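Q: Letter by letter, the chains look like this.
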Amino acid sequence: MLKKLLLAGAMSLAVTGAASACDFENTTPVKSLSAGFEAWKAVTSFMAKCGDFEAELDQEFRTKQPAAFAADPSLYQIGGVANGTLVPLMNEGTVRPLDGLVEKYGQNLTPNQLIKINGETMAIAMMVNAQHLMYREDILTELGIPVPKTYDEVLAAAAKIKDAGVVEYPIGATMKTGWNLGQEFVNMYLGMGGEFFGPDNEATIENEQGVASLEMLKKLTEYMDPEYLVSDSTYVQQQFQQGKIAMANLWASRAGAMDDANESQVVGKVKMAGAPTADARAASTIWWDGIVIANNTSDEEAEAAFRVAMNGMTPEMVKENNDVAVWLIEGYVPGPLALGVVQTAEAGALPYPASSQMGLMHTALGNGVADFLTGAKDAQTTLKDIAGAYTTSAKEAGLIK
Amino acid sequence: MNTKTFAAFVGPSIFLMLLFIAAPLVSVFMQSFYVTQPIFEQVEVETCTPGFPTQTCVTETKIQPVLGEDGKVVTDVKYVGLESYYNVLEPDRAWAALKVFDFDALLTIDFWKALRFTLTFTLVTLPLVIGVGLAIAITVNNATRMIRGPIIFVSLLPFIITPVIGALSIRWLFIGDGIMTAFLEWWLNQDIAMFAQGWTIELLMMFYRVWHVAPFAFLVFYAGLQTVNQDTLESAVIDGASRWERLRYVIIPHLMPLIVFVSLIHLMDSYRVFEEIVGFSSQAYRISLQWLTYDLLTPDDSGNRSISRASASAMLTMIGIVVLLIPLLRKTWRDHKGGRV
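Protein chains in written order, with our numbering: chain R, 38 to 438; chain B, 7 to 347.
To be clear, the hints were calculated from the coordinates, so they are not data collected in a lab. Just so it is clear, the structure is predicted and the values come from calculations on it, not from any experiment. There could be a bad hint or two in this list.
Partial chain B-side listing against chain R, Cβ under 10 Å, derived [what the hints assert, rightly or not]:
1. V49
2. T238
3. S287
4. S312
Some chain B residues close to chain R (C-beta under 10 Å, calculated; not the full set) [to be verified]:
5. P44
6. V51
7. P56
8. Q70
9. D108
10. D110
11. R177
12. F286
13. Q289
14. L302
15. I313
For every residue, glycine included, the Cβ atom is placed at its ideal position computed from N, Cα and C.
With the rest of the complex left out, here is chain B (with noise of 0.2 Å):
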């Protein structure tokens, strides 16, 4: 392919993804630095509100945004520096924690709490998926090929359904006297309450995990058993090799590119995790740093939201997630590089 042909089939791609990935990005790290404030009044408000039997009257003393000529509020730009992530880590608390070694006084902070809950969930369900992945891949490529379809239907059905619908169904599962709970307080003889302590909900949103992303990974992994070496498998069996054998000699070696297409994959995946928490409403016990992102932008019934804070969070969290990802890119970094010498 000629360098023209190309830049003109690259070029569309490139410049949407400049346009709705990168500038957005410049635009996130541009709000963190700055915040935007109404400028404010103090002034004298009567208010009459509904009461029994005739209206009550407050005159107080509120605060309110002045208005300028145009009707819109006026409003102030100023730069703050590092102050909006100051506010997001609070390293004052955060350290003062840490020298004493006192893990609880941590994980009382937002950001602290919802990062030990994104990497936990993160690194217990990477493992997870793929073993799970990989274990229907390798049932579904040795079934018969006539119950082969039905197999693989009803395997990817988990992944076809909506993200939140599908942690509300496992929710409703379990919640109060939810069916799941009730036959497991039937089964164990003793009360049980899923969404009363944290570390229920937190096995429950990673199985939802598993159990949602496990049928991505056995795509990928079932791909690429179609395009193992059969004669390298052949070989291995006159050899003598068992079954648990050429899987761990030939089969994984093979799949070893998409393993790590699948890892990163669900690294980025699920370092945002956030429909969990939504669908769970685990927030009490558990939050993430996606959605400590959404909870600042927010808006609340004042229609307050701390835009700076929130892109603060949000830059905090593609940091984690890069800082995870470079070991793995780093090694496709080096097979690709070792490929071409």
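Next up, chain R with everything else stripped away, as it sits in the complex (with noise of 0.2 Å):
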């Protein structure tokens, strides 16, 4: 698997060869609204060698964007978006179709960077993003622990750990009250065979898989700094730089950070593996970040955005960020860094189910997780009550009748 990918970006780098920094001269004002994490920073700064380009970095992308697109014209040409956060703009008919685009100026594009949505190509992915186990390789040698496939092997290795006295706590994770904390329990429903939603978008969290899940998060708890509600991704990745955990299903986007010789105490000894699995598939999900072209613009901006948004997904670009993000586009070589993120697609887990419902499910989870936690709640309350909390919200936004 991981040959062929390799062989895959080996070939490509093959044939392209060494390009000018932009192929074309830009004169057209083109800007882009995206999130700020190093994979967008290097897109953009591509982006920008063809001129007349301004790019938004904004990690509050997700409450502008739908309101920027939505404008006659649109404040962006170019938008940043993921699974999610493609759903409103998809939802109110701000992104146009790129089949044109793609055929005249997307040669490089690969067949799994098109985001088809009923035939259309609808966005351009140029990486994939998946929460999975990234553990201190020499603590699990020393203790003689086998890399955890499960989440019971999670939880016996965990024990290990902290019987040793390594390290102050042998689990991190990013279970901040909000949308992180929404997220590791949509990993982990999924991960134990859950459905959200019923045929009329009722919620069906309440039953074994969801008490399974919230059960394991508190098992986990137990064994993580007792702050855990109020840690977020790089909470947890500082945790491991400074050598305080030993293991944490973290993003893949976090991984090079491990090995910043800048930050990280831990360089070279933090190694990446597939998401644990829970009862049914890895308990994780996959998600892909890419661009979307307006669809309130001219087709000139549109086009000149799009040869803009290309230029920015070059193999020169990948090859100057290798292991920023697991890249889908050509030239991209998977380095030790994307194992994680492809074992945990091997595993079975499921792209983020993005949908309307999903969004408002999420909040509910998000607030409504931690009173398990805590202990003010059991697990049937609990999960009752964010079921209550997303009908609530779901009637109000005309979803359930």
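Build the complex: two chains, separate frames, hints provided.
A: Listed below in structure tokens is the structure:
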């Protein structure tokens, strides 16, 4: 599997060869709005080489994007989106089909990059992201623990590490109340084989899988820093870098930071593996990040924007930023850091099930799960209240009659 | 001043107040009785996303809004009466919990949880802000003229700092192995996690608020102290009044209108407590009414937001402030009327 990828990467490197910074001189003003993590910085800095391009990198882009794209003319020509954030744009019809432009300027794109909805290409993906297991190889080897493949093995390993007392807390997790905590539940629940909705959009989380997911999350928290409800990706990344934790299910986009000698005290010691599986499949979701082109913009602008975007997604860009992300772009050489995502996908992790309902459910989960972890409610009540919160907002949104 | 001049002076600000305060308020009030929903349709959608080694395509029934001819989502505005208020207050659950005096159950409902925290926060910080402010003012007033300037400058610093930044800096002092936590752990020789339970965060939030707002109270009281009648004070000294008695019977009565003023401002401000929730990311343990409104307004990944419930929650917050202010406003009104007669 990995070999195939490696081969594909090497081949594409061979055919493309060296090229200049940008293949045309852009004279149409183009603006983009996207998230601000490393991969976006890399891509937009290459887009900028075409000239007359302005990138807005904003972690709060998701609150701005729907309104900015609904304006006529749209405030941005290029939008950076992921599974979830594409939903409102699709719902409001503010992004345009890209098939014509792909045919004209998308020679470098691989079929895997084209996000197709009902056969039309609506977005171009550039990278995949997933939460997967990162672990301290030195600690596991020393204690004779095999790399955990399931969550039960994770608990067993954590118990051993705790007894050995080599790190402060065996496990780290992105359990900050809100989006992060909701995401942890979504991962676990899908891993347990749960379904979120019934045929009429009603919540169907009050079941065995739901209870099992909550209980597994709670068991994991026993091995965590007691302040886990305020710990986000950056916090977990720092815990790793400072040698305070031994394992975490962390975003692939954070893998590079483990070996950053400027920040990390554990360079070379953190290794990647697939997300541990729960009862049914890998307890993680696959995300993609990519670009869309606004609908409310002239065809000329859209064309210029697309060409600029294509110049950000070149093999040269990947060559310079190989370990920043798990790229889908030609020229990517999957290194050891990509192993986690590949194994997670192989273990059957599903794409994040983005939809209008899921947005509401995610919010309800993010606000509701903490009550179980802090012991304020039992599992049944927690799930019942979350389902209730979802139903209230779904009714208000008109998703449930 | 004749009526015309008066109108010319006051007119612009009344106009702006109507435009920026009254009009939005009316709009929020109206919105809390309506919900706007897109018209949805069920469609079969095939979605292809990146996978290894090739794409994964899934066909599923999705619910999506209908787009009108102008390319905009077709929406339907519905009058729902008090339903949004009902959804925020959840009176059934609240009443069921109250009937059996199960306050823990009551406090699992967002609104009541937020109300409990907001009220505690407001009522605990109020006397502390006034007390600390008064203490600093009197200290500075009694300090020698030479060091007065630097003291005023230093005590005003917390007030100048942007609230969110101030909250974040206190959070960083205490979170994880922050400097202060590390120091406390070393001093008390035990493991401390300030952000692992609600009450420690609540204490930190109150401490932060007092630290941040006391300078404002100080400033007002210090100005007031400059106008204390020196003759009264001297005669009190001659009558043998102690320092405490002078404070109790001369200074505090003199400052009373200012104390009421600071209390009014503080009640209004701290009932809208918000920065602390975000700064200390206390959502898992403590939420406030203002945060609840904000959370309902924030769109999720799929762009959903609950405008109607957010409006209801905002109106309830406003009603709460008014109720809190009534005793103080009545006192001011009576004093005002008394002054006239």
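Q: Hint by hint, note whether the structure agrees.
A: Quick rundown of the hints versus the structure:
With its C-beta approaching chain R no nearer than about 8 Å, B/V49 sits inside the 10 Å limit, and its interface hint holds. The beta carbon of B/T238 comes no nearer than 53 Å to any beta carbon in chain R, farther than 10 Å, and the hint placing it at the interface is violated. Checking B/S287 against chain R by beta carbon gives a least distance of about 5 Å; that is within 10 Å, so the hint holds. Taken as an interface hint, B/S312 checks out: its beta carbon lies about 5 Å from the nearest beta carbon of chain R, inside 10 Å.
Using the Cβ-Cβ criterion of 10 Å, the hint placing B/P44 at the interface with chain R is satisfied: the shortest such distance is roughly 6 Å. Hint status for B/V51 relative to chain R: holds, with the closest Cβ pair at about 6 Å, below 10 Å. Here the hint on B/P56 is kept, as its CB sits about 5 Å from the closest CB of chain R, short of 10 Å. A least Cβ separation of about 6 Å between B/Q70 and chain R falls short of the 10 Å threshold, and the interface hint therefore holds.
A hinted interface residue such as B/D108 counts as satisfied when its beta carbon comes closer than 10 Å to some beta carbon of chain R; here the least separation is about 12 Å, so the hint is violated. Against a cut-off of 10 Å between C-beta atoms, the interface hint on B/D110 holds, since the closest Cβ of chain R lies about 7 Å away. With a cut of 10 Å, the hint placing B/R177 at the interface with chain R holds, because the nearest CB-to-CB distance is about 9 Å. This hint holds: B/F286 has a C-beta 8 Å from the nearest C-beta of chain R, less than the 10 Å allowed.
For B/Q289, the shortest C-beta to C-beta distance to chain R is roughly 4 Å, which falls under 10 Å, so the interface hint holds. About 9 Å separates the beta-carbon of B/L302 from the nearest beta-carbon of chain R, less than 10 Å, and the hint is met. Interface restraint check: B/I313 against chain R, minimum CB-CB distance 9 Å, threshold 10 Å, status holds.
The structure fails hints 2 and 9 (numbered hints given earlier, in ascending order).
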